[in-house]
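Engineer: Sequence:
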Amino acid sequence: MSKKESIAEFYSRHGQEYTKAGQFNIYRREEFACDSTALPPNRRDFYKISMITKGTGILSYADKAILIDKPAITFLNPLIPYSWEPTSQDQAGYFCLFTEDFINQNLKNESLSQSPLFKVGGNHIFFPNEESILLLKGIFENMFREIGSGYHNKYDLLRSYVQIIMHEAMKMQPPETFYQSGNASERISTLFLELLERQYPIDAPSQILKLTTANEFARQLNVHTNTLNRALKESTGKTTTEWIAERMVKEAKALLQFSNWDIAEVAYSLGFEHSSNFIIFFKKQTEFTPLQFRKEVGTNNLLKANEAI
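With the working numbering applied, the sequence shown corresponds to residues 1 to 309, in that order.
These aren't lab readings, by the way, just hints derived from the structure by calculation.
Idealized CB from N, CA, C, for every residue including glycine.
Hints may be right or wrong, so weigh each one.
Claimed, not checked - Below, computed lysine-lysine pairings styled on BS3-like, alpha-carbon distance capped at 25 angstroms:
#, residue 1, residue 2
1, Lys284, Lys233
2, Lys283, Lys295
3, Lys283, Lys238
4, Lys48, Lys137
5, Lys250, Lys210
6, Lys54, Lys171
7, Lys210, Lys64
8, Lys284, Lys210
9, Lys253, Lys295
10, Lys253, Lys284
11, Lys48, Lys210
12, Lys137, Lys54
13, Lys284, Lys250
14, Lys284, Lys238
15, Lys48, Lys70
16, Lys64, Lys54
Said to hold, decoys possible - Quick list of simulated restraints, FRET-style, between CB atoms:
#, residue 1, residue 2, range
17, Gly298, Glu141, 56 to 62 angstroms
18, Asn226, Glu31, 43 to 49 angstroms
19, Ser259, Arg28, 40 to 46 angstroms
Model the full structure from these sequences, guided by the hints.
Structural biologist: Put into structure tokens, the structure is as follows:
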């Protein structure tokens with residue numbers, strides 16, 4: 001390419017088009033411009049494994065930041081907000097992007113997000129030794145060859161390569177040079193609130209909330225449910241369940257007011273298998289049924305429109 005684009009420009013230009021039919025693709029880091037502009041910490045709907053073989057920079061995710069000044073491998077998922085700020089011009093290595101659909105076929109027991117490498121409260125940055133660097137480089141190069149091959153089962157093989165990279169990383173010790181802010185309760189609360197908010201807004205009936213209970217959030221954050229509840233109560237005065245319900249009601253109201261989805265679609269997108277359970281929940285929180293609320297806001301909007309005429 002005549003002019004290298006930055007990683008940020010790449011995400012902006014490609015959006016959801018970064019993957020092919022197999023929901024997977026791989027790139028070389030040196031093919032992108034590495035200026036001093038930090039990659040903004042917005043939501044990305046894919047998993048990412050990066051191997052940095054050359055160059056330095058600061059990787060920030062959740063409430064942590066670390067200076068990467070030697071070869072490293074990182075693991076990030078759609079629920080983890082992160083940013084990358086390069087501190088050197090020369091950058092090299094690899095990164096692969098893939099969706100939940102790519103991994104579901106092969107990892108049957110749990111989604112990849114439950115791995116300690118991808119869990120929000122887990123370790124995501126590892127510094128391989130020389131032996132591991134050579135092994136990982138070989139795996140990434142094999143992935144490049146396979147993605148361009150005509151082999152019928154190449155995506156199955158690519159999934160196997162991803163798992164090998166994960167196992168190799170889990171043999172490494174996590175870095176001890178993180179900078180953390182606040183006390184333990186504040187840190188857990190910050191991670192929870194970030195994780196909660198990143199599930200919203202819901203843009204389509206097929207977009208279903210993945211985390212809807214205190215236990216599910218606690219597992220994702222790698223803490224006990226009681227620990228999460230105590231931290232939130234201490235830091236915010238609200239329990240985990242209260243925060244989840246409050247945010248869910250806010251989204252339900254927005255969907256009822258601004259979308260034409262039927263009640264069953266709204267309920268399903270919010271994680272309710274049966275719309276009757278959603279109706280009971282919504283009425284308990286607002287004293288209105290979803291239908292009553294929709295009619296009420298519709299009437300109010302009509303009155304406001306008439307007053308403006």
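Engineer: Check whether the Cα positions of Lys284 and Lys233 lie no farther apart than 25 angstroms.
Structural biologist: holds (22 angstroms)
Engineer: Can you tell me whether the CB distance of Ser259 to Arg28 sits inside 40 to 46 angstroms?
Structural biologist: Given a distance of about 42 angstroms, which is inside 40 to 46 angstroms, the answer is holds.
Engineer: Taking only the CA atoms, is the gap from Lys253 to Lys284 under or equal to 25 angstroms?
Structural biologist: Between Lys253 and Lys284 the Cα gap is close to 14 angstroms, so the pair holds against 25 angstroms.
Engineer: Checking one constraint from the list: CA of Lys54 to CA of Lys171, max 25 angstroms. Satisfied?
Structural biologist: holds (22 angstroms)
Engineer: For the pair we were handed, Lys48 and Lys70, check the Cα-Cα distance against 25 angstroms.
Structural biologist: Judged against 25 angstroms, a Cα distance of about 19 angstroms means the pair holds.
Engineer: Lys284 and Lys250 were given as a pair; does the straight-line alpha-carbon distance stay at or below 25 angstroms?
Structural biologist: Given pair Lys284, Lys250 holds - Cα atoms ~14 angstroms apart, limit 25 angstroms.
Engineer: Between Lys48 and Lys137, is the straight-line Cα distance small enough, at 25 angstroms or below?
Structural biologist: Holds, at about 16 angstroms.
Engineer: Under the criterion that the straight-line Cα-Cα distance not exceed 25 angstroms, is the pair Lys250, Lys210 satisfied?
Structural biologist: Holds. Lys250 to Lys210 sits at ~17 angstroms (cutoff 25 angstroms).
Engineer: Holds or violated: are the alpha carbons of Lys284 and Lys210 at most 25 angstroms from each other?
Structural biologist: holds (22 angstroms)
Engineer: Need the status of pair Lys253, Lys295: alpha-carbon distance at most 25 angstroms?
Structural biologist: holds (12 angstroms)
Engineer: Need the status of pair Lys284, Lys238: alpha-carbon distance at most 25 angstroms?
Structural biologist: holds (18 angstroms)
Engineer: Is 56 to 62 angstroms right for how far apart the beta carbons of Gly298 and Glu141 are?
Structural biologist: Since Gly298 and Glu141 have Cβ atoms about 59 angstroms apart, the given range 56 to 62 angstroms holds.
In the structure shown, no violation is registered for any of the earlier numbered hints.
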